[in-house]
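Colleague: Listed here are the chains, written in short residue letters.
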Amino acid sequence: MRGNTRLRALMLALAALAATLVLAACGGGDDVGGASGNAAETAEPGPVEGEFNFSNWVGYIDKGDGGTVAEFEAKHPGVTMNYNEDVNDNADFFGKMSPLLDGGESGGRSMFVVTDWMAKQMNDLGYLQAIDYADVPNVDANLKQNLRSPEFDPDRSFSIPWQSGMTGLLVNEKLAPDVRSVNDLFDPQYKGKVTVLTEMRDTVPLMLKADGIDPADATKQDWLDEIDKLDQAVQSGQLRRFTGNDYIQDMTNENTVAVIGWSGDIELIDNEDVTWRMPTDGCILWSDNMVIPVGAPNTAAALAWADFVYDPKVQADISDYVRYVSPVQGIEAVNPQLAQDELVNPPEEFTANCSTQPDPPGSAEDVQEVTEAFQAVITQ
Amino acid sequence: MTSTRRRLIPYGLLGPGAIWLALFFIVPMYFMGELALRTGTFTTGFQSGFEISNFSDALSGNTEQFVRSFIYAGSATLIALAIAYPLAYAIALRAGRWKLLLLFAVVAPFFTTYLIRTIAWKTILADESPFVSLLQTLHLVPEDGRVLATGGAVVAGLTYNFLPFMILPIYASLERIDTSLIEAGKDLYASSTQTFLRVTLPITMPGIVAGVLLTFIPAVGDYINAEILGGTGTSMIGNVIQSLYLEQRNYPEAAALSFTMMAAILVVVIVYLRMAGTGAFMGDEDERD
Numbered sequence: 060m061r062g063n064t065r066l067r068a069l070m071l072a073l074a075a076l077a078a079t080l081v082l083a084a085c086g087g088g089d090d091v092g093g094a095s096g097n098a099a100e101t102a103e104p105g106p107v108e109g110e111f112n113f114s115n116w117v118g119y120i121d122k123g124d125g126g127t128v129a130e131f132e133a134k135h136p137g138v139t140m141n142y143n144e145d146v147n148d149n150a151d152f153f154g155k156m157s158p159l160l161d162g163g164e165s166g167g168r169s170m171f172v173v174t175d176w177m178a179k180q181m182n183d184l185g186y187l188q189a190i191d192y193a194d195v196p197n198v199d200a201n202l203k204q205n206l207r208s209p210e211f212d213p214d215r216s217f218s219i220p221w222q223s224g225m226t227g228l229l230v231n232e233k234l235a236p237d238v239r240s241v242n243d244l245f246d247p248q249y250k251g252k253v254t255v256l257t258e259m260r261d262t263v264p265l266m267l268k269a270d271g272i273d274p275a276d277a278t279k280q281d282w283l284d285e286i287d288k289l290d291q292a293v294q295s296g297q298l299r300r301f302t303g304n305d306y307i308q309d310m311t312n313e314n315t316v317a318v319i320g321w322s323g324d325i326e327l328i329d330n331e332d333v334t335w336r337m338p339t340d341g342c343i344l345w346s347d348n349m350v351i352p353v354g355a356p357n358t359a360a361a362l363a364w365a366d367f368v369y370d371p372k373v374q375a376d377i378s379d380y381v382r383y384v385s386p387v388q389g390i391e392a393v394n395p396q397l398a399q400d401e402l403v404n405p406p407e408e409f410t411a412n413c414s415t416q417p418d419p420p421g422s423a424e425d426v427q428e429v430t431e432a433f434q435a436v437i438t439q
Numbered sequence: 015m016t017s018t019r020r021r022l023i024p025y026g027l028l029g030p031g032a033i034w035l036a037l038f039f040i041v042p043m044y045f046m047g048e049l050a051l052r053t054g055t056f057t058t059g060f061q062s063g064f065e066i067s068n069f070s071d072a073l074s075g076n077t078e079q080f081v082r083s084f085i086y087a088g089s090a091t092l093i094a095l096a097i098a099y100p101l102a103y104a105i106a107l108r109a110g111r112w113k114l115l116l117l118f119a120v121v122a123p124f125f126t127t128y129l130i131r132t133i134a135w136k137t138i139l140a141d142e143s144p145f146v147s148l149l150q151t152l153h154l155v156p157e158d159g160r161v162l163a164t165g166g167a168v169v170a171g172l173t174y175n176f177l178p179f180m181i182l183p184i185y186a187s188l189e190r191i192d193t194s195l196i197e198a199g200k201d202l203y204a205s206s207t208q209t210f211l212r213v214t215l216p217i218t219m220p221g222i223v224a225g226v227l228l229t230f231i232p233a234v235g236d237y238i239n240a241e242i243l244g245g246t247g248t249s250m251i252g253n254v255i256q257s258l259y260l261e262q263r264n265y266p267e268a269a270a271l272s273f274t275m276m277a278a279i280l281v282v283v284i285v286y287l288r289m290a291g292t293g294a295f296m297g298d299e300d301e302r303d
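Protein chains in written order, with the working numbering: chain D, 60 to 439; chain W, 15 to 303.
Misleading hints may appear alongside valid ones.
[Claimed, not checked] Derived coverage of chain W by chain D (criterion: at least 3 residues anywhere in the stretch with Cβ under 8 Å from a Cβ of chain D; other residues may be distant): (1) 108–117; (2) 120–128; (3) 160–166; (4) 248–257.
No lab work stands behind these hints, which were simulated from the structure alone. Virtual Cβ for every residue (Gly too), placed ideally from N, Cα, C.
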C-alpha cells in the first residue's frame, strides 16, 4: 500500500518534470518553420583572426598540405580555419540548419556553400546576411560578368559563387556510345543501367529540354508530365536508382553506363572510358554560392576568405583541382592550360543551348505540389 | 532511519533511468505527437491544431513501403536467425579455446562505421563482381540480372548489419546452458534432433526472442541500406520519412508516419511476444511450456 503511494508520488514527480520541460521548450516560440522576418544585417568586416568554420561540399578544394586552406592560414596567421565537408544535398542541409537559423544561430558556421535556389530560399526566410562589396575587393574586381546579376540575386547582395557547373550526361563511351540526348537514357537497351539525379531542379529541366520545352517557359503541367515519365521508367525497371554524386562509384564500377551528372565530377570517376557529355539538348547551368548565415561568428574571416579565393592565383589552383566552371576571371593568365579545358572555361558556343537552373513555376504551393510528386516517384 | 533509507533505495536506483526516459523518450514523444497534429505548410509555418488527416495522408500514399519494410525486416530477421543460431552454437559449445577469437570476429566489424560497412557491400555486390558472376553461373541470378540496387541487396545489407545483434544474445543463452541436461537427454535415448528440439532450443528461447527483437525493430525503421544498396522501387518507410522531413519539409506528416510506424511495430512485437510468451523473454521457467 505504502509502496503504491510512493510509486504514485514518483510518477507525479516525473510528470511534473516532463511538463516543466515541455513548457520551457514551448516558451521559445510556438511556430515551427515559417519566415522569421529577420531584418537583413550586413556581414561585419574586422580584424582577420580567430576560429573560422566553413562548410562546403565534398571534393571542392585541395585540403592537403600546401593546399588552399593552408595558404589562407599562412596569409592570416591569426586564423584557424576548420574546413568541413558537411554539405551533401541542398534540401538535406537545409533540413539540418533551418531549426538553428530560425533561432538566429548558425551552429558555429561563419560561412557555407549552397546552390542558387537554396541561397534564394534561405535569403527569403531571412537566414542570410548581406555582403558589402567594399569588404571583398577581389570579388568585385574578378567575378565573371555573366554571373554578376543572376535572377535570384540581381545585385549579388547575399551570395558569392564558389564554383559553377553544368549538369549533363556522364557516359561510358565503350558501353553506351550512342547516348547523346537525355532521352537516350530511356532507350530499353540500357535498362537497369542508367540513373538520374535526386536533385529535381537538374533532372526535370533536362528532361524538359530533351522534349523540346524551354524550362523558362515550362508550365507546372509540363513538370508533372516529365515526373510521370520518370514514374513509368521506374515501373519498367529502366531506371536503376536516383542518386546524388554517389553515381561516381556506380560509373567507376560500370554498374551504370550513362547517367545524369555534374561536369566536374568527371575528375572523380576512376574509369577512363567515362566522359562528361554536353547533351544535344543542352545542359543546366548553376552555381554553388558562399553565403554568410545569420548568427555567424567571425564574419571578418569569412569575408577575407571569399576575397582570398577570388585572387586569380588562388583560384587557378582550386580550378585545376576541382575542374568545375570557375566564376573568377583571369585564371587563364595564371594557368594557360585551364583556358583550353572546356569544363573549366566553356566557350560561349559550347553552352549556347544551356539553361540556368530553374525553380518549378508558380506559387509556393505549386512548387510544393511538384516537389511532392517528384519525391513520391523517388521513394517508391 | 535505516529503514527509510532502505525503502528509498529502489527509487534512487530507478532515478537515473526514469529521468533519462522522461527526457529522451517522453518529452520527444510529446513533441512528435504535437507536431503530427499541426496544420499549415513550411513557408507559412505549422500552427498548432488537431489535424488527424495527417495520419491518413501519411498512410494512404505509402502502404506499399510500409508492407515492404515489414517484409524486408522480417526476411532479414529470419535469415539472420538461420545464420546466427548454428554459429552461436558452434562458438558456445564447440569452439574450445577459439571461443574468444571467434566472438571477437563477430564484433570486429563494429569497429568500422555502419555507413562504410554498407558502402563496402556496393563493391561486393557490383554487377561485374566475382560474387555476382558466381551467382549467375549457379543460375541463382539470371545472366542479365543483378543483385545491387534490388530488394535482395537491401535484405542482404540488413541481415549483415544486424547479424551480431542476433548472434550475441543467442550465444549468451547457449553459453549458460548446463551441458549435463543434453547428456541426460541422450541417456534417456533421445536422438540428437529430439534433444535439440526438446532441451537445447527451449532453454535458449530467451536468447532467440531477444535476438529477434533486437534485429527486427531497428531493421524495420532502417533507411541506410535501402538508400545505399537499393534501387528504384525498394524504398522502406524510413526513406519516406526522410523524404517527408528533409526534402518535402512536411514535418507533421513525417511525424504522423513515424508514429504510425511505431504503433505498427508495437503491435507486431506484442503479437510476437504473446506467441513466444513473455516468460520466454524473461527466462521464466514456469511460463515456458
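Colleague: How does the coverage statement for the segment 160–166 of chain W fare against chain D, requiring three or more residues with Cβ below 8 Å from a Cβ of that chain?
Modeller: As far as the segment 160–166 of chain W goes, the hint holds, because 3 residues have Cβ atoms under 8 Å from chain D.
Colleague: Are there three or more residues in the segment 120–128 of chain W whose C-beta lies within less than 8 Å of some C-beta in chain D?
Modeller: The restraint on the segment 120–128 of chain W is violated, since only 0 of its residues have a Cβ under 8 Å from chain D and three are required.
Colleague: Holds or violated: the segment 248–257 of chain W covered by chain D, criterion of 3 or more residues with Cβ-Cβ distance under 8 Å?
Modeller: holds (count 4)
Colleague: Are 3 or more residues of the segment 108–117 of chain W near chain D, judged by a Cβ distance of less than 8 Å?
Modeller: violated (count 0)
In this structure, the hints that do not hold are numbers 1 and 2, in rising order.
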